[in-house]
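The task is simple: from the sequences and hints, build the whole structure.
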Amino acid sequence: MIQDNEVCLVPISAIARGGLFVGSVEIDAEELQTRELNDRLRKLMLAGERKVIIRNVCGQRYIGTRLYSPERHQMEIEVYGIPGNDLAAFLFGHKVIVHGNAQDGVGNTMDDGEIVVEGRAGDVLGFSMRGGTIYVRDGCGYRTALHMKEYEDKKPVLVIGGTAQDFLGEYMAGGVVILLDLKDQGHKASFIGTGMHGGTIYLRGSVKSSQVGDQVAISPVDESDREVLDHYLSGFIERFPMLGLEKDEILNSSFVKLIPRSKRPYSNLYTY
Amino acid sequence: MKSFVFPEFQIIRDEAKCGQCRGCERQCAFGAHTYDPVSDRLISDNYKCVGCQRCAVFCPRDAIVVQPNPSFYRSNASWSREKLEDVKRQAETGGVILTGCGNDKSFRIYWDHIVLNASQVTNPSIDPLREPMELRTFLGAKPDLMEFKVNDEEVDIATSVSPNLMVQTPIVFSAMSYGAISYNAFLSLATAASKLGTYFNTGEGGLPREMREKFGKHAIVQVASGRFGIDAEYLNCAAAVEIKVGQGAKPGIGGHLPGEKVSASVSATRMIPVGTDAISPAPHHDIYSIEDLSMLIHAIKEATNYEKPVSVKIAAVHNFAAIAAGIVHAGADIIAIDGLRGGTGAAPKVIRDNVGIPIELAISSLDRRLRQDGIRNRCSIIAAGGIRCSADVIKAIALGADATYIGSAALIAMGCNLCQKCYTGKCNWGICTQDPRLSGRLNVDIASQRLTNLISAWSHEIREMLGGMGINALESLRGNRDHLRGVGLHEWELDVLGIKGAGE
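Residue numbers (the numbering used here), protein chains in the order written: chain W, 1 to 272; chain F, 1001 to 1504.
These aren't lab readings, by the way, just hints derived from the structure by calculation.
For glycine and all other residues, C-beta sits at the position ideal for the given N, C-alpha and C.
Errors might be hidden in some of the hints.
[Claimed, not checked] Per the computed footprint, the stretches of chain W lying under chain F, defined by three or more beta-carbons under 8 Å from a beta-carbon of chain F, are:
#1 164 to 175
#2 256 to 267
[Stated by the list, open to error] Restricting the straight-line Cα-Cα distance to at most 30 Å, the calculated cross-link-like pairs of lysine-lysine (DSBU-like) are:
#3 W:K247 x W:K208
#4 W:K155 x W:K247
#5 F:K1083 x W:K263
#6 F:K1426 x F:K1349
#7 W:K154 x F:K1217
#8 W:K43 x F:K1142
#9 F:K1002 x F:K1083
#10 W:K155 x W:K95
#11 F:K1214 x W:K43
#12 W:K43 x F:K1217
#13 F:K1349 x W:K263
#14 W:K43 x F:K1149
#15 F:K1142 x F:K1195
#16 F:K1217 x W:K263
#17 F:K1214 x W:K155
#18 F:K1214 x W:K154
Here it is, written out as C-alpha cells:
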C-alpha cells in the first residue's frame, strides 16, 4: 500500500561529507508498518536520494531489502531505534548504520554493501552472505555466518567486537569472520565450523579443539593473516570511535585462525 | 579389494555387423568399449556398462545390444539381486549408496488405478479441433472477494490482486539446476518454456547472467538452503521465486554437488570457487518454524517489490497437509508438492526409495485440507514427482492440482534413458554432466524442439480428454473428482483420493 509521502519526508539539513554537500531526508517510523516504511525508502531511492535517516524504528523488518534497482542506485540509511528481523536481507550495495541493537537475520543472503551495528546483533547474522561487510560493535547470537560464501573478488567480511554463540560458521564456504572479543570474555561457543569447506575465521584469544567441528583446523596466524586483521581492524576502529581502541594493542594480542581441512569434506561418504 | 558384484548389463556385439568404426568407444564416457589394434576388434567391458543405451542407439550398423546380464544369484523373494549387491558394495567401501532419477520400486502407481470419465449422449462431448479449449491457467493467490467499480460503462476491479503466473498449459519444467544438468540441457528447457508460454524452474544453482534478460520472464528461480547464486537481480529478473524446502527424491536431507561438477561456469553461476563441493544443508538454517518461513517469504516479497508470486516447494510426507496449510498462512502464493517418485541428480538410494508418499494421494489430501480450512483460493498447487503422460496431468488436475511439474519426462524427451547414473557426471547423453565433450552432444535446437513437441502433444491430448468429458476449460476440471473412478483400490485409498470406485 503506497501512501502519499509528502508529510513524512522532511529534508532536515545538508551535511558535509568528503568535501561535498549532500542532502538527506528523514523518516519518522513511529506510525509506520514494515511495508509502508519500505515503500518510502524505495520511493526515495528511485527519486535519487542518497541518504536517509529513519527515526523511532521499532521492529520494522527488512529495512534496506526492497532497494534493488537495475541502475544500482546507492543509498546510505541511518537507523535510530531497534530494527526488526532480516535487516538488510539481500542488500544490494547500500550502506545501513544502526544506532542501537539489531535483531535476528541481519544481512541475510546479503549481496554487497555495508552494515554497521552500534550494539549487538541477534541470531543468524550474515547467513549465506556472499559479499559486502558487516561490523557489529558488540556480540552476536547463534548460527552466525552460516554458509557464508565467496567467489573471486566477492568476499564477505564480518567483524564482531564481542564473541558469538554456538554454530558459528557452520557450512562456511568462503569469506572472513573476525571475532575480537574486546571484553576478554573468552569464546564459549560449541560446534564452530561444522561442515566448513571454505573461508577463514579469526578469533582473538583461543579456542579448544572440542569446540570446533571435525572439518576444522585450528592454526596460528601468520604475517599475511596479520595484514588481513590490520586492515579490518582499522575499519572497525574507524566505525566505532566511541570505543577508543588502540589498534596495535589489539593486533599484538594472540589470535587463532580456523580454516577447513578440505574443500570437499564429504567426498568419501559415498560408495560406487 | 576384489569386488564380488558381477556386471549388471551384458554387451553383445554382432561381429558380423561391426565395422570397427570405434563409434561406441567414443560414445561411452564410462569406458565400456575399447579398441584392440592387434585383433582389429572392439572389446566390451560389461563391468563398466551402465545400461544407458547410447552406444546401441548410435551404432551405425546396429551391431550392439545391451541387455540385463543373465547371470543370476539363486532366486530369493527376500534377497533380490539389488539388495544383495548393495550389501556387497557397502561391505567393500563402507559408503552410502548414491543414485539418480526417481524411486524405481514397485509402490502402487495410483495413476494406473484411476480412470477418467467421458460424455455419452447427454452433456455432449466437445471437439477440440472445432471449438476453443482453454488450457491457460493462473498460478498464485486469488482474492477472497472481488470488488468492482462501475463508472458509466467502464468496469474496474477495485480489489488489489496478487501477482499470478499465466501458464498456457498446466505443465511446467521442474527444478533442475545448472550444475546438476549441463548448460545445454538447462538452455533447452529455458528455450522450450519460453516458446510454449510456460516456465522452467532453475533449481538452486542460479541463473547464468547471460540468460536473465531473455529467459528470466519464463524462469521460476529457486532459493534453497545453499543459497547459491542468489542476489537481488536474480530474484527480480524472474517470473516467480520458489523457496525449496524439500524434494520428493530426498525429503529431509540436503544435497552435495560434488566438486568435479563445479566447473568454471557452474562456479560463476553459483558464485562459489571452482572445484569445491556445493553443499546444501538439510534445512534452511534461517527457517526452523512456520514463522521463520513466513519471514523468508516476506523477505523475498520485499526484495522483489511484491511483484512476484512466491512458491514453497515441499516433499509429500506423512503430515504434510497440515504443514502446507501453515505455509499458506505464512504467505506462500504457490505450494509445489513433490511426491515419492520425484527425481534427483543425486540422492542416497535408501532415502529415495523409502521416504515420502505417492503424489496422487498427496494432491488430494492437500486440496481437501486447504478447502476445509477455507484457504484454497489463497494459493495454487503444483504437483510434481511421477508425472509420465498427459493422462497423469489431467488426473492430477481433477484431484485438485492447479498445474504439474515434469522433470524426468522432460529429460527423457531430450534423450535420457533413466540409467540412474546422474551423480557420476558422465552422462553420455550430454544431459547430466559438466564435461564439455559430453554436454556438446546435446544440440539445443533439437533438444528444445523435442521438449516443445512433447508439451504440444500432451496439451493436445489434454484438450481431447477434456472435450471428451464435455468440458472446455481446464479450470472447470480442477478438483472435479466426479470425473475420476478408482479400479482395484482399497476403500481407504478411495477415501484418501476422494473418488468413487468404478461402476459406482
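Structure-based check of all given hints:
| no. | hint | verdict |
| --- | --- | --- |
| 1 | 164 to 175 | holds (count 5) |
| 2 | 256 to 267 | holds (count 5) |
| 3 | W:K247 x W:K208 | holds (26 Å) |
| 4 | W:K155 x W:K247 | holds (23 Å) |
| 5 | F:K1083 x W:K263 | violated (33 Å) |
| 6 | F:K1426 x F:K1349 | holds (19 Å) |
| 7 | W:K154 x F:K1217 | holds (27 Å) |
| 8 | W:K43 x F:K1142 | holds (27 Å) |
| 9 | F:K1002 x F:K1083 | holds (19 Å) |
| 10 | W:K155 x W:K95 | holds (16 Å) |
| 11 | F:K1214 x W:K43 | holds (28 Å) |
| 12 | W:K43 x F:K1217 | holds (24 Å) |
| 13 | F:K1349 x W:K263 | holds (25 Å) |
| 14 | W:K43 x F:K1149 | holds (28 Å) |
| 15 | F:K1142 x F:K1195 | holds (27 Å) |
| 16 | F:K1217 x W:K263 | violated (35 Å) |
| 17 | F:K1214 x W:K155 | holds (29 Å) |
| 18 | F:K1214 x W:K154 | holds (26 Å) |
Checked against the numbered hints listed earlier, the structure breaks hints 5 and 16; every other hint is satisfied.
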